[in-house]
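Chain by chain, the residues:
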Amino acid sequence: MSISQFMTNEHRECDTHFAAAEQAAANGNWEEAEKAFLTFSNETLTHFKREEDELFPAFETQTGNTQGPTQVMRYEHEQVKGLIRKMAEALEAQDKDAYLSLCESMMILLQQHNMKEEQMLYAMCERLLPPDLKEATLDKMKQVVL
Amino acid sequence: MFSQNGLSLDQAPPISVVFRFFLSGSLFGVLTGAFVLYFGSDIFNADSTKALIVTHTLTLGVMLSFMLGALFQMLPVIAGIKLTSPVKKANLVQYPLVLGILSLLSAFYSGEPALFISASLLLGVTILGIASIMLKNLLALPNHSNSSKGMTIALGSLILLTLFALYLTGTLSGFFEGTFYGQIKTAHYSFGLFGWIALLIISISFQVIEMFYVTPPYPDFIGKSLPMRLFGLLLIGLVFGFFFANIWRIVDLFIIVFMLCYALMTLRRLSQRKRPIADATVWLWRLGMVLLVLSMAAMLTTRFYTLPPLNSLNYIFFAGFALSIVFAMFYKIVPFLTWFHLNAQGYFTAPMMHEVIHPKTAMKHLYIHLATLTAFLVSVYYAPVIYLAGSLLILSFGWMLWQIVHAWKLYIHTQKTGEKFEMTMPEVEG
Chain Z
1 MSISQFMTNE HRECDTHFAA AEQAAANGNW EEAEKAFLTF SNETLTHFKR EEDELFPAFE
61 TQTGNTQGPT QVMRYEHEQV KGLIRKMAEA LEAQDKDAYL SLCESMMILL QQHNMKEEQM
121 LYAMCERLLP PDLKEATLDK MKQVVL
Chain G
147 MFSQNGLSLD QAPPISVVFR FFLSGSLFGV LTGAFVLYFG SDIFNADSTK ALIVTHTLTL
207 GVMLSFMLGA LFQMLPVIAG IKLTSPVKKA NLVQYPLVLG ILSLLSAFYS GEPALFISAS
267 LLLGVTILGI ASIMLKNLLA LPNHSNSSKG MTIALGSLIL LTLFALYLTG TLSGFFEGTF
327 YGQIKTAHYS FGLFGWIALL IISISFQVIE MFYVTPPYPD FIGKSLPMRL FGLLLIGLVF
387 GFFFANIWRI VDLFIIVFML CYALMTLRRL SQRKRPIADA TVWLWRLGMV LLVLSMAAML
447 TTRFYTLPPL NSLNYIFFAG FALSIVFAMF YKIVPFLTWF HLNAQGYFTA PMMHEVIHPK
507 TAMKHLYIHL ATLTAFLVSV YYAPVIYLAG SLLILSFGWM LWQIVHAWKL YIHTQKTGEK
567 FEMTMPEVEG
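First to last, the sequence lines map onto chains Z and G. Mapping to my numbering: the first sequence position 132 is 132, numbers consecutive. Quick note: to get my numbering, add 146 to the position in the second sequence (first position is 1).
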């Protein structure tokens, strides 16, 4: 499996948990929503950590560019983390309207972010990193824990 | 996309760029309703000046305004393009565009050659100018998505249909003899309806259906091939249309098949979405696709039977399709941008998307839109209802106008009074 496939699959898995939490909250099933949201946030944060600890440094070392795409992606990760915090608060308060509203923002923000990664950054990694480094980076990413 | 200092905030144009186009689009929508009230059922007579006026208020005033606003916003996201000095460009486009449209409408009404000349100059320079800039940026992209490829072709169609329009207005103002007036007129509206309006909607949907509703991607025979094949068909119609007028009958049949494939696949994708919540925008997309199917069915039927109401019904179905998608995009873009810009500027008190436009407000607009469409359909058979349809159209666009003003007021209010988190990132100007 390539870095691109592995990371893209993770995006799709996060989407599934996100949708499950959103639907549960819309139905007023807060216990279920909390469970799915926890899985979503843990998986998303682990995914970010894989990128920030392993993939981005590999890309930056290889290209010598620390201010380009990886910088943009790190900034967007912070935006997403901020929203995750707000969503957790809304969930705790069982504020359905606030939670669903934050879901809308999160979904658009996250999908724009994923699109940039999948179409640009992962494609660039596949093209620019030597095969050995790609394999090693993928192995290291798989071991990352939150 | 990833400039040296480029943070994601830099990639989005200022919120006012998008809002100004949405505002003028809504105002032209209100004007369309006023024309419907003034002209009555005569708008359904395709050869009449009144139909020309209403059609161009809708296509140029409403659709082009909304589409330019959406393109200014979406090109950075979808295609990774950042237009330099977007506010300046937006102003340089918007003012001449509005003047040009008003000039064209007056020219249609009066037949005055001088008005055709001023409309040609204003609209020609503006549309060809901005479309070429956008097209040039798109063509320079190293990696193309299905969406960016489709947008490139749609902008190519916009340039062609504008050149055809210049020939038509040139003929009407006495510059050309108009030897090919009929052929060029057919090419003009075919490229306009399918090469520009439908293709831009299709290209945008390749990205947003998947993104907003989390669906599987479109299959390759639609995502990869449809835009180019559609454009190829239109070119065949254009070239061979000079020798055999009947070529368009064959071209149209293929277009109908393509549009049906696209609409049915979109309906299927919407039913496969991972986010099961169905808000107004999901229903607007569905409605749009159903109307596209009905429009194609009406178009197909007119090939075999001559039933006068079918052309009027087709007109309503196609306009309803395009407007439904514009509304669906509007209710995602306006709340998201308001929240996104304020949040990115560091305001703790940035209003949430539902505070900008509540889903119930969008739902109410869906009902108004449905009532408007129903009234127009009924008016084909019972003419007096046209006045109800016109009034509802004014209400529909008035509703949008109010949402833009409300979002803008909220944006300014938050900037003036909101608590701000000290950011190390650069700010964007409103």
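Among these hints, one or two may not hold up.
Once the Cα atoms are required to be at most 30 Å apart in a straight line, the calculated BS3-like pairs of lysine-lysine come out as [what the hints assert, rightly or not]: (1) G:K478 x Z:K81; (2) G:K510 x Z:K86; (3) G:K420 x Z:K49; (4) G:K562 x G:K234; (5) G:K234 x G:K566; (6) G:K562 x Z:K35; (7) Z:K81 x G:K566; (8) G:K555 x Z:K81; (9) Z:K81 x G:K420; (10) Z:K96 x Z:K81; (11) G:K234 x G:K282; (12) Z:K96 x G:K234.
Treat the hints as calculated values from the structure; they're not laboratory data.
Cross-check of the supplied hints:
1. G:K478 x Z:K81: holds (22 Å)
2. G:K510 x Z:K86: It holds: about 28 Å lies between the C-alpha atoms, which stays within 30 Å.
3. G:K420 x Z:K49: holds (25 Å)
4. G:K562 x G:K234: holds (24 Å)
5. G:K234 x G:K566: holds (28 Å)
6. G:K562 x Z:K35: Roughly 39 Å between the alpha carbons, so the hint for K562 of chain G and K35 of chain Z is violated.
7. Z:K81 x G:K566: holds (18 Å)
8. G:K555 x Z:K81: The hint holds at about 28 Å.
9. Z:K81 x G:K420: Status holds; Cα separation ~22 Å.
10. Z:K96 x Z:K81: At roughly 20 Å apart (the allowed maximum being 30 Å), K81 of chain Z and K96 of chain Z satisfy the hint.
11. G:K234 x G:K282: holds (18 Å)
12. Z:K96 x G:K234: With Cα atoms ~41 Å apart, K96 of chain Z and K234 of chain G exceed 30 Å; violated.
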